[in-house]
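Those protein sequence lines, which keep their order, are chains A and B. Reading the first sequence from the start, the letters are residues 1 to 277 in our numbering. Reading the second sequence from the start, the letters are residues 1 to 405 in our numbering.
By construction, these hints were calculated from the structure, which means they are not laboratory data. It should be emphasised that the depicted structure is a prediction, and the values quoted were computed from it without experimental measurement. Please note that the accuracy of each hint is not assured.
Claimed, not checked - If you only want the chain A side, here are some residues facing chain B, beta carbon under 10 angstroms, derived: (1) Ile-31; (2) Ser-35; (3) Leu-40; (4) Leu-54; (5) Trp-58; (6) Leu-60; (7) Gln-62; (8) Glu-90; (9) Arg-114; (10) Ser-118; (11) Leu-119; (12) Arg-122; (13) Ile-265; (14) Ser-269.
Every residue, glycine too, gets a C-beta built ideally from N, C-alpha and C.
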Amino acid sequence: MQLSTSATVQTSHNYLNNVLGGILVPIRTSIKHMSLMQMLIKREIVTRTSGTVLGILWPLLQPAMQVLGFWFLFDVVYGMRQNRGPSYLEFLLTGMLPWMCLSEVLNRAAGMFREFSSLYHRAPFPIEMLPVFIMIIPALVYALVYGLLCFYMFGFIAAAKSLLVLPLLLLWLLPFTLLFSVLGVFMRDFTQVLPFLLMLALYCTPILYFPDMLPTQAQSWLWLNPFADVMTCIHALVQGSTIDAATGLRLLLVWLVLLVPSWHIFRRSLPHIREVL
Amino acid sequence: MAEPIITVQKVSKYYRLYAHDFDRVREIFSGKSHCQQHFALQDINFTVSPGEVVGVVGKNGAGKSTLLKLLANTMQPSAGTLHIKGRVAALLELGASFHPEMSGHDNIYLNCSIGGLSKKATDAVYADIVEFSGIREFIHRPVKTYSSGMFVRLAFSIATHIDPDILIIDEALSVGDGVFARRSFDRIMAFKKAGKTIFFCSHSLYQVEAMCDRVIWLDQGKIKSVGLPAKVVTEYDEFLRMESSQHESLETIQHTATEAPAAQHKSEIPRIFAVETTVDGHLAKAHHVVSGKSALAILVKFHPGKNVALPSVAVVFTGGDGRILTSVGSLNDGHHLQVDAQGVGIAELVFPEFPLLKGRYNIDVYLLCEQGLHVYESIIQAAELNVEQIGLALGIVNLPHSWKQ
């Protein structure tokens, strides 16, 4: 009995270590190679803006233009309004911008190893920093646009709270990023099907519609979709809507359950990646 | 004895082969092996002391490249331990991590940071990198606009300015061409003089023997022999002969030109501009020679270059199968070449009674640096000899001999 308890404690301890490893190793590697990180960010900006007239403004303009597009479609063309709570457009944008950020990061993760193979194949490049790196520019760009938008829609306090949304969202996404990066490199079909899967996830998540617009039966199944919980948390944080403890716990549980295996798989894949690509 | 700077203990490296691509994914996700292991290196043990120059020889597929990748830390061993103390610079695929859209300036900072230099440390060597590469006026332009020569000059300059403790060189002792080739060679030699550890992998047995303190011979992923260059290179050379493989001893950085244009007379680096071979006074490119009777003379005229030490000349005799039979070098013989009043370097070599027996032979001529390592220019098949013999001697050479009364 005592042995069994000790083994359980040991297992829990190992699991906790792996959880910490999954978070800390990518972050610690990124901090250790800060000047490399800065150069990679510069490299990224040059890649995205080279040959354009507006240059560095483009990464900001792209989400801003999408916001304008949503406003034009849903506010001007369809004139969608509702009598209670936030307007449809406010609801849509509160969820849609984080979703766009999430979608960009996950798509990028799937192509991450192929994109950076020239860096790590012939030099001792710290691969562990890549999952963090691919999040940085979307985080900065979307945080700025999202903060300004929340300030315009809900005021200063909501804008301040909105700055927490993307860092927390990206931290929660870390296991998905690790997993998708491995799937993307060894299962090329995955990179083809991922945009469709993300579109499907968007339609299954209350972003384009209020949750109570779903049929009652479908609403009772929403708890199975972790992205629905993510959106509930985002709306609660920014707009001050109510949230039950179960939603937060479910998100934490999904994260904890996924982080350890995805970190193991990521680490296990590294020798294969250096050999194959 | 100094503590080793490189310690390789029981290192093995295998590549995974899969029947189906999906088996790799299964292995990564399950942790259970679904592959066949192809060993590139097996149970390798050696240490390298600081300041040692170690050469690696072996046939293609012997595991040389894998060993270099492990030492350069771009790959991890499958088993065993590998300890490296200090910073490693690897001259492998120069410029592979350059970003074409970024300027030379930004690529310097990017590649230095990949090489482990902080921004401050990069600031300190930046001017030297630009100066050495000789592309100051282009440094703020995207590297995609660079010529291949400029590209490799910048990449070499970066790789050798990160102040490495260990330099890994794959195949060539110089990069680029012309003046830069000599400068890059001098830089590598400066590392040797400064007591840096060098790991040099090459097919050029001549360069390996001339440059290294110790040689490792890899064969089918295992160390077949290790020791002094003269011993290991001889063993390896013998092995190649046994395998009837093509000799590759002096085949690096070769030009295939048979004539050097006179325009090179004004070149900054030494250049051959004429090779004249005469047999019994007859000038030709193909000769009939009588073994032991004919006199062969080889005259090499060269431009000695500007601001470089007077070069040396080597002449190599090869058989019809490309195998090197013998060679003669001015440096090896302690002969100092002369430059005439017009500034033309002259090397004149005479074989009064040509000793090779019957057969067809080629003469290759090399113009080398004063240390006999860096090849400025080579003229392959500068002349062809068709040797006839009188008498019944067997083999390829009539050794100097006498019969006692």
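Outcome of the hint check:
| no. | hint | verdict |
| --- | --- | --- |
| 1 | Ile-31 | violated (13 angstroms) |
| 2 | Ser-35 | holds (4 angstroms) |
| 3 | Leu-40 | holds (8 angstroms) |
| 4 | Leu-54 | violated (16 angstroms) |
| 5 | Trp-58 | violated (14 angstroms) |
| 6 | Leu-60 | violated (20 angstroms) |
| 7 | Gln-62 | violated (19 angstroms) |
| 8 | Glu-90 | violated (39 angstroms) |
| 9 | Arg-114 | violated (15 angstroms) |
| 10 | Ser-118 | holds (6 angstroms) |
| 11 | Leu-119 | holds (5 angstroms) |
| 12 | Arg-122 | holds (4 angstroms) |
| 13 | Ile-265 | holds (6 angstroms) |
| 14 | Ser-269 | holds (5 angstroms) |
When held up to the earlier numbered hints, the structure conflicts with 1, 4, 5, 6, 7, 8 and 9 and fits the remainder.
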